[in-house]
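Chains as they are written, first to last, in our numbering: chain A, 109 to 373; chain B, 30 to 185; chain C, 117 to 222.
Please note: incorrect hints may appear among the correct ones.
To be verified - Restricting the straight-line Cα-Cα distance to at most 27 angstroms, the calculated cross-link-like pairs of lysine-lysine (BS3-like) are:
| id | chain 1 | residue 1 | chain 2 | residue 2 |
| --- | --- | --- | --- | --- |
| 1 | B | K124 | C | K153 |
| 2 | B | K116 | B | K86 |
| 3 | C | K153 | B | K86 |
| 4 | B | K124 | B | K86 |
| 5 | B | K116 | C | K129 |
| 6 | A | K200 | A | K180 |
| 7 | C | K129 | B | K124 |
| 8 | C | K137 | C | K127 |
| 9 | C | K153 | B | K116 |
| 10 | C | K163 | B | K124 |
| 11 | C | K137 | C | K163 |
| 12 | C | K163 | B | K86 |
Hint data in this document are derived by calculation from the structure and do not stem from the laboratory.
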Amino acid sequence: MSVLRHRGKFVAAVCTMVVLSVLAGTSVEIAASELRSSFADMSRETQGMQSDDSANPGMLWVLEGEALWNAKPGAESRACADCHGDARVGMKGVSARYPLFDEANARPIDLEQRIMQCRRDRQQTTPLAWESPELLALTAYVARQSRELAIEPSRDARMTLALDRGRELFTRREGQLNLSCSACHDDNWGKRLAGNVVPQGHPNGYPLYRLEWQSLGSLQRRLRNCMVGVRAEPYAYGSADFVALEAYLMARASGMVIEAPAVRP
Amino acid sequence: MKQEQKKIEPNRRELIASGAGMMALLLIRPAQASDETMRGAMRQFISEAQVRTGRIKLDLPPLVENGNAVPLTISVESRMTAEDHVKTIAIFNQKNPQPNVATFHLGPRSGRASVSTRIRLADSQTVIAIAQMSDGSFWSDSADVVVTLAACVEGL
Amino acid sequence: MARALINVPAKAKRGDIVEIKALIAHPMETGYRHDTKGEPIPRDIIKSFVCSYNGEDVFRAELFPALAANPFIAFSIVASESGVLTFSWTDDHDQTEVRTAPITVE
Numbered sequence: 109m110s111v112l113r114h115r116g117k118f119v120a121a122v123c124t125m126v127v128l129s130v131l132a133g134t135s136v137e138i139a140a141s142e143l144r145s146s147f148a149d150m151s152r153e154t155q156g157m158q159s160d161d162s163a164n165p166g167m168l169w170v171l172e173g174e175a176l177w178n179a180k181p182g183a184e185s186r187a188c189a190d191c192h193g194d195a196r197v198g199m200k201g202v203s204a205r206y207p208l209f210d211e212a213n214a215r216p217i218d219l220e221q222r223i224m225q226c227r228r229d230r231q232q233t234t235p236l237a238w239e240s241p242e243l244l245a246l247t248a249y250v251a252r253q254s255r256e257l258a259i260e261p262s263r264d265a266r267m268t269l270a271l272d273r274g275r276e277l278f279t280r281r282e283g284q285l286n287l288s289c290s291a292c293h294d295d296n297w298g299k300r301l302a303g304n305v306v307p308q309g310h311p312n313g314y315p316l317y318r319l320e321w322q323s324l325g326s327l328q329r330r331l332r333n334c335m336v337g338v339r340a341e342p343y344a345y346g347s348a349d350f351v352a353l354e355a356y357l358m359a360r361a362s363g364m365v366i367e368a369p370a371v372r373p
Numbered sequence: 030m031k032q033e034q035k036k037i038e039p040n041r042r043e044l045i046a047s048g049a050g051m052m053a054l055l056l057i058r059p060a061q062a063s064d065e066t067m068r069g070a071m072r073q074f075i076s077e078a079q080v081r082t083g084r085i086k087l088d089l090p091p092l093v094e095n096g097n098a099v100p101l102t103i104s105v106e107s108r109m110t111a112e113d114h115v116k117t118i119a120i121f122n123q124k125n126p127q128p129n130v131a132t133f134h135l136g137p138r139s140g141r142a143s144v145s146t147r148i149r150l151a152d153s154q155t156v157i158a159i160a161q162m163s164d165g166s167f168w169s170d171s172a173d174v175v176v177t178l179a180a181c182v183e184g185l
Numbered sequence: 117m118a119r120a121l122i123n124v125p126a127k128a129k130r131g132d133i134v135e136i137k138a139l140i141a142h143p144m145e146t147g148y149r150h151d152t153k154g155e156p157i158p159r160d161i162i163k164s165f166v167c168s169y170n171g172e173d174v175f176r177a178e179l180f181p182a183l184a185a186n187p188f189i190a191f192s193i194v195a196s197e198s199g200v201l202t203f204s205w206t207d208d209h210d211q212t213e214v215r216t217a218p219i220t221v222e
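Kindly generate the complete structure, drawing on both the sequences and the hints.
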């Protein structure tokens, strides 16, 4: 009898929470069965541009990355290949698991930061700048090796703080337009904004060739653009908040197929 | 949208009318500066020859996701033999700062008169492709393209 | 050296029409843009592309600023004999980037 009464109270509490959250306008995360890459929203021609490696401009960065992978950055340095071997083997599945927890620095790290760390600590060469052609090339080359694999977010308990922070950043309103990421990408994906389809906003294609940029660019570049779009002050490249947001986005896109280097309008 | 297309169509028909007629039409129908520049560039290509519709097909998406890279394909019906082949294909646009887009030179060693590329379009406009055959004849096709801007304009 | 991607079938039968795709890294700066200070960014584009087959030109293109960045051109040739295909891109400063690809024709 008392158990039933307890369950009744529990059900009532849950119902209240649901009603309250609806009234408060809290965004609901996209169900796993509804996850959709914005590849599906593109024209046949742009899809073809991505799918054809001899037409995909992102492959030019992958080519450059391959050359950098095999080159010694200095006379005394090792090439990436010297430790990691053939990237097609050694880097397969790697980008699908980033960001992850970096033991050495006791904090989450994304793929770009890992590459920069290797260059600095293990190759003893000048660090690469964010969004520099070399960093983009190496990131594109590594990410390419995970193409067609599923996103596998880190299950490390030490990533929980970053995931929570990322979720918080994704759902909070910001900028002069006072919009949260989720207001568009959870609540209104599939609808149109000024002639363009609102995507769900997944990271599965990055780094990607954006027609608007006429260049390959990183996920952080795209996120900065979004923030400028809502007239918010964008986070600095490489900030902990960006890594947290990336971690959340990857978890949100868990299981989605990697398309890097993708092509997007 | 339909009305716009109707306005463009008669222009197009006049553009590809006979060379002699072209000059007369320019006097009769006041055109936008951009149209005149495009006609000027086309006239440079065809000089006094007559241009007919047919044989060449210009493929452009009617609605473009981003004007920075618009896929374009031209194909011309031709056996591409030494006696009968496409010599040159020239592409023109209406509203970019410059009227020329690209000029392709083919020959019997091409096998097929088919070229694909990606172009920039600054605004919704008409694109015209003209093929010059080995017998000196000119053929053309045109396409109207709607170009939208990115929804969130970025300052970075 | 600018990165370039050429797609040429390694082998073909004599008389086959083969499609060739050529993609090269280049910003194709139109000359119509301005930097953040309002200064015009000078034009710098690839103005011509030539494909030659065992020394004879089989395809030529004149390009204008309306060509998209990282220019991509797909065209076809008749596989007539084994040999070398040479691809050259020339920019506004008359610098030329050259690539070659072998083709075996049976």
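For each hint, the structure was consulted:
1. K124/B - K153/C: With a Cα-Cα distance of about 26 angstroms, the restraint between K124/B and K153/C holds, given a limit of 27 angstroms.
2. K116/B - K86/B: Distance ~16 angstroms between K116/B and K86/B Cα, so the pair holds.
3. K153/C - K86/B: 43 angstroms, violated
4. K124/B - K86/B: 21 angstroms, holds
5. K116/B - K129/C: 25 angstroms, holds
6. K200/A - K180/A: 22 angstroms, holds
7. K129/C - K124/B: 44 angstroms, violated
8. K137/C - K127/C: 15 angstroms, holds
9. K153/C - K116/B: 45 angstroms, violated
10. K163/C - K124/B: 20 angstroms, holds
11. K137/C - K163/C: 18 angstroms, holds
12. K163/C - K86/B: At roughly 24 angstroms apart (the allowed maximum being 27 angstroms), K86/B and K163/C satisfy the hint.
The structure fails to meet hints 3, 7 and 9 from the earlier list, while all remaining hints are met.
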